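Please build the complete structure, drawing on both the sequences and the hints.
These protein sequences, in sequence, are chains A and B.
Residue numbering for the first sequence follows the numbering used here, beginning at 1 and increasing consecutively.
Residue numbering for the second sequence follows the numbering used here, beginning at 1 and increasing consecutively.
I should point out that these hints are in silico values taken from the structure, not numbers from a laboratory.
Just so you know, these numbers come straight off a predicted model, no measurement behind them.
Errors might be hidden in some of the hints.
PhoX-like mimics (lysine-lysine), calculated; alpha carbons at most 25 Å apart, straight line [unchecked claim]:
id	chain 1	residue 1	chain 2	residue 2
1	B	LYS6	A	LYS168
2	A	LYS168	B	LYS72
3	A	LYS36	B	LYS28
4	A	LYS170	B	LYS87
5	A	LYS166	B	LYS6
6	B	LYS41	A	LYS47
7	A	LYS47	A	LYS36
8	B	LYS87	A	LYS36
9	B	LYS72	B	LYS82
10	A	LYS47	B	LYS28
11	A	LYS45	B	LYS6
12	A	LYS45	B	LYS35
13	A	LYS170	B	LYS82
14	B	LYS72	A	LYS166
15	B	LYS6	A	LYS170
16	A	LYS39	B	LYS72
17	A	LYS175	B	LYS87
18	A	LYS144	A	LYS44
19	A	LYS39	B	LYS6
20	A	LYS165	B	LYS87
21	A	LYS165	B	LYS6
22	B	LYS87	A	LYS47
23	B	LYS35	A	LYS39
24	B	LYS6	A	LYS44
25	A	LYS44	B	LYS28
26	B	LYS28	B	LYS41
27	A	LYS168	B	LYS87
28	B	LYS28	A	LYS39
29	B	LYS72	B	LYS35
30	B	LYS82	B	LYS35
31	B	LYS41	A	LYS175
32	B	LYS87	A	LYS44
33	B	LYS35	A	LYS36
34	B	LYS82	A	LYS166
35	A	LYS45	B	LYS82
36	A	LYS36	B	LYS6
Sample of chain B residues at the chain A side, in silico, Cβ under 10 Å [as the list claims (entries may be wrong)]:
id	residue
37	THR8
38	ARG9
39	GLN53
40	ASP54
Cβ atoms here follow ideal geometry from the backbone N, Cα and C, with glycine treated the same way.
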Amino acid sequence: MMFSLILSPPWFRGFDCIFEYFGVIVFLLIALFAYKATKITSDKKTKWLFISFLLIALSYFLKVFKNLNLYFPVEKSISVGSVYIRYTSVAIIQSLFLIEFVTRILFLLGLISLYFLITRSEEKKHVFLLVYLITIVTYVSSLKPMIFHLTSAILIGEISYFYLKKTKLKTLGQKSMFLALVCLAMSNLLLLILSSGFYVSAMVLELIAFIFFMFAFANSLFGSRIKNLEKTKK
Amino acid sequence: MKVKHKRTREEILNDIMLIVLNRSGRIKRTQLMTKANLSYKLMNQYLEDLINQDYIDFVNRNNHQYIIITDKGREFLDRLLKVKSFKETMGLD
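See the structure below:
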């Protein structure tokens with residue numbers, strides 16, 4: 001079965017890596033604050049939030065690493081007798097399947113963990129079954145990448161729905177967080193269509209999602225804090 | 001009638017600190033007990049916790065003992081408010 005390893009058009013190569021590198025920073029910041037919050041309050045929920053965002057950040061980091069290796073292959077040369085051969089080689093080609101597998105499974109595990117957090121599901125007995133199914137989905141998606149994007153879109157869609165139901169989007173941060181989730185789900189839906197035009201649109205949507213995540217995070221730390229302090233002083 | 005969930009330890013500490021701050025930074029024990037909706041015994045346990053961590057202190061004014069928030073307490077409250085707001089934004093609260 002043949003499928004293209006690179007969806008990005010030549011002029012866009014590298015830009016998507018910058019976008020996703022920004023995503024890595026945003027998710028790491030959220031994970032780090034969740035870790036700090038766990039230290040302050042000893043709350044299990046913030047501990048799981050830390051794990052979820054760390055898994056997603058690691059997944060994006062591996063994706064950027066893989067894409068950079070594919071876009072900018074290493075130039076090598078060997079000499080056989082008097083013949084001098086120069087060729088380009090993708091350094092990670094042998095472990096490409098493994099990197100792709102780890103990237104996808106980390107992302108889906110991060111999403112599942114977020115899903116359990118948002119829905120406050122107590123059905124812990126289903127966790128092993130879900131992890132097994134995610135492993136299968138990730139394995140199958142090595143041959144059919146659209147399965148991975150469809151699963152991601154469905155999971156993020158579910159998370160968005162329960163987030164909306166739970167929070168009712170009362171604050172600016174919550175609205176921003178919801179928009180970030182919707183943009184990320186739409187980006188994954190666009191990636192179902194394996195074309196370079198849709199790939200660019202999906203990456204731009206993903207960048208918008210990261211900006212919304214960043215705004216929600218910053219707003220929760222600075223905006224609301226000032227408001228709360230003002231309220232307390234009245 | 002909607003039943004409110006049982007407050008966690010940090011929620012109660014947060015409430016105590018916010019109540020003191022709302023009363024211009026000082027409050028009497030009995031007033032705090034009513035406002036925080038705690039029994040006298042429980043309130044004293046939480047106050048002891050907060051005093052041991054230097055978050056609050058007692059001062060005597062006009063023959064009355066008042067609870068006040070220390071600078072360290074203000075910093076702690078600031079951190080708690082940040083965490084609360086973060087949890088709300090992430091859909092955890």
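- prompt: Which numbered hints does this structure break?
  reply: 2, 3, 6, 10, 12, 14, 18, 23, 25, 28, 31, 33, 39, 40
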